[in-house]
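Undergrad: Residue numbers (the UniProt record's numbering), protein chains in the order written: chain A, 1 to 343; chain B, 1 to 343.
None of these hints come from the bench; they were simulated from the model.
All of these numbers come straight from a predicted model, not from anything done at the bench.
A few of these clues could be false.
When the alpha-carbon atoms are kept at most 30 Å apart in a straight line, the in silico BS3-like pairs for lysine-lysine are as follows [as the list claims (entries may be wrong)]:
no.	chain 1	residue 1	chain 2	residue 2
1	B	Lys141	A	Lys146
2	A	Lys141	B	Lys141
3	B	Lys146	A	Lys141
4	A	Lys146	B	Lys146
Pulled from the structure, derived: some chain A residues nowhere near chain B, Cβ distances all over 10 Å [stated by the list, open to error]:
no.	residue
5	Arg5
6	Gly75
7	Ile119
8	Met121
9	Ser149
10	Glu295
11	Gly307
Note that the Cβ used here is the ideal one computed from N, Cα and C, for glycine as well.
Number of protein chains: 2
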Amino acid sequence: MTAQRAQRIVLASRPDGHVSPDNFRLETVDVPAPAEGEVLVKVHYLSLDPYMRGRMNESRSYAQPQPLGETMVGGTVGEVVASRHAGFEPGEHVVGNLGWTEYGVAKGAALQKVDTSRIPMSAYLGPVGMPGMTAWYGYRKIIAPKRASETIVVSAASGAVGSVVGQLAKIDGMRAVGIAGGPEKCAYVVDELGFDACVDYKQAKDLRELARLVRAATPDGVDGYFENVGGDVLNAVMARLNTFARVAVCGLISDYDNKPDEPARSAILNPAMFLVARFKMEGFIVSDHLDLWPEGLKELGGHVGGGRIKYRETVAEGLASAPDAFIGLLKGRNFGKQLVKLV
Amino acid sequence: MTAQRAQRIVLASRPDGHVSPDNFRLETVDVPAPAEGEVLVKVHYLSLDPYMRGRMNESRSYAQPQPLGETMVGGTVGEVVASRHAGFEPGEHVVGNLGWTEYGVAKGAALQKVDTSRIPMSAYLGPVGMPGMTAWYGYRKIIAPKRASETIVVSAASGAVGSVVGQLAKIDGMRAVGIAGGPEKCAYVVDELGFDACVDYKQAKDLRELARLVRAATPDGVDGYFENVGGDVLNAVMARLNTFARVAVCGLISDYDNKPDEPARSAILNPAMFLVARFKMEGFIVSDHLDLWPEGLKELGGHVGGGRIKYRETVAEGLASAPDAFIGLLKGRNFGKQLVKLV
Chain A
1 MTAQRAQRIV LASRPDGHVS PDNFRLETVD VPAPAEGEVL VKVHYLSLDP
51 YMRGRMNESR SYAQPQPLGE TMVGGTVGEV VASRHAGFEP GEHVVGNLGW
101 TEYGVAKGAA LQKVDTSRIP MSAYLGPVGM PGMTAWYGYR KIIAPKRASE
151 TIVVSAASGA VGSVVGQLAK IDGMRAVGIA GGPEKCAYVV DELGFDACVD
201 YKQAKDLREL ARLVRAATPD GVDGYFENVG GDVLNAVMAR LNTFARVAVC
251 GLISDYDNKP DEPARSAILN PAMFLVARFK MEGFIVSDHL DLWPEGLKEL
301 GGHVGGGRIK YRETVAEGLA SAPDAFIGLL KGRNFGKQLV KLV
Chain B
1 MTAQRAQRIV LASRPDGHVS PDNFRLETVD VPAPAEGEVL VKVHYLSLDP
51 YMRGRMNESR SYAQPQPLGE TMVGGTVGEV VASRHAGFEP GEHVVGNLGW
101 TEYGVAKGAA LQKVDTSRIP MSAYLGPVGM PGMTAWYGYR KIIAPKRASE
151 TIVVSAASGA VGSVVGQLAK IDGMRAVGIA GGPEKCAYVV DELGFDACVD
201 YKQAKDLREL ARLVRAATPD GVDGYFENVG GDVLNAVMAR LNTFARVAVC
251 GLISDYDNKP DEPARSAILN PAMFLVARFK MEGFIVSDHL DLWPEGLKEL
301 GGHVGGGRIK YRETVAEGLA SAPDAFIGLL KGRNFGKQLV KLV
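Chain A with its partners taken away, still in its complex shape:
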């Protein structure tokens, strides 16, 4: 493997508010050689996810900041090209966290072999991967529906996480209501994914109008809410919560670009609802719950393989396209799971 060259993208600078292409730098480096116990992987798909925005900041987040000058973190799926670990052979497909790079090495324990005979490789970065598990944990373990026909609302409903939340709710016999931006995404959520209703938040010019749209879509109130967005959407749904509702806070993408001293767009305006509805609100990140991945992935794999969970991807071509694709993701320009195809 000596002297073979490949591309990677490093964090060049931290964003001041919005992310810009300047924050990234494309480099050409030697392909690394695996040490004893390590595996060299050729990356086929890179996953782009909102959590990466938090890591670009220096401030306290739920994860360590991304170091400057190092390969951007990120989930990947690819093919083993060299192995010094007894459990892996060239040609096998593996999921890992190799980052924004064409080739990466990892210890065997940090890679999971995946079966691509029944489920396409890219789905292991989507509904049968981290986004799917995120949906599964928040829905199954926090919202945890108590009875049939509860109303479950999810924001960013056409996205990689939200689309799975609503489809799990439908499989369970719940009323699933999505919130998404624009008529095309809303039509997809209802017509393709089978949600009962979808609120197009772009049709509301302020919180009051948005609250009216949410109210119309949730005539029996809201029993479970899966939050990806924050801001007005959070406040509009909160006003509809039923007694003993559960709110799973997965993301607050509307605030990710805030500057340190800027007030959060997501401020919860009426905490008295905590007493009116005696609801529970809980933040989570799925990597805190690795013990539950086997259980969750088994359920998700069955639903995806059986066609009960559908998914959609937006695929950018080539590593150099990753920064623009990531900025588009933060602005909601993707439709479904945002991937970068490297091979």
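Assemble the complex: chain A is given as a structure, and chain B must be docked to it using the hints.
TA: Chain B only, in chain A's frame:
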């Protein structure tokens, strides 16, 4: 019992913002006669509690609004003076919800006999009554300490609820930190109740200063927070929450006087903390959990009888003093449990 007369206080009008004495009316009425299955009680002590403020509004709250022209709701302890229920005899002491009145009738099932040989009658409106159970439920069932030496913070720490929260935490070997208004209350919380520290929120002129005081009192962060107050206090403590912290929302007294269209003082300014700390926040009212009262009251009665839970009372004399005492409670002028002594 015919023609005997007694006093009661009814809601005369709904407050526009702050409660005023005009919102109440003292009336003299016939003492009611018990029907079959009912008991006539002479009230010795009336409990004044912040929840009553919510019921004075017409808007949606966690309970039905208090009807105009009817006796104000409220917990009471008193003596049976006439009984048409086989389970009760004159001279027995009973807790009930007879309201702001000198005499009241209730069905036997709505009264609980109490043993005043070991615990004084008034304590059944405090640490061994609804406030004690409120503390017990939020602390034991929501905060639910996981390991020794967690830091538990409670606002309104010198009050009927907060004082019990902190003392339960100390009995369990936790670090208990109170938040209270003024040096006298803080000294009581630390010196008399045995909390490890107390923040005097009146020493801070803004959120930034308050946050600094809270930080100094919680060097290891906050694992559990029992919220009675809201506003700046809530935001200051939220910034200190550790990973997997639990917040029990019992009351938001700083907002109770808000007018309907006024923004809540308690707005949660930085919901991103839900992701940074993956904490849980849950509102509750203790009357949703009547099934747990026997378990809770048994523990509380043991601690109060054994002197491990101390309590303090502010006692107003005579029914006519109730409105002023209630307004004082909303302004934090009481010190410990606010009672009205009628006999």
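Undergrad: A separate judgement is required for each hint: does it hold in the structure or not?
TA: Verification of the supplied hints:
1. Lys141/B <-> Lys146/A: 19 Å, holds
2. Lys141/A <-> Lys141/B: At roughly 18 Å apart (the allowed maximum being 30 Å), Lys141/B and Lys141/A satisfy the hint.
3. Lys146/B <-> Lys141/A: With Cα atoms ~19 Å apart, Lys146/B and Lys141/A stay inside 30 Å; holds.
4. Lys146/A <-> Lys146/B: Judged against 30 Å, a Cα distance of about 25 Å means the pair holds.
5. Arg5: 38 Å, holds
6. Gly75: Check passes; 18 Å lies beyond 10 Å.
7. Ile119: 29 Å, holds
8. Met121: The claim stands: Met121/A keeps its Cβ more than 10 Å from every Cβ of chain B (closest is about 29 Å).
9. Ser149: Its Cβ never comes within 10 Å of chain B, the nearest being 22 Å, so this holds.
10. Glu295: Non-interface label on Glu295/A holds, nearest chain B Cβ at 20 Å vs cutoff 10 Å.
11. Gly307: At roughly 33 Å from the nearest Cβ of chain B, Gly307/A sits farther out than 10 Å, so the non-interface label holds.
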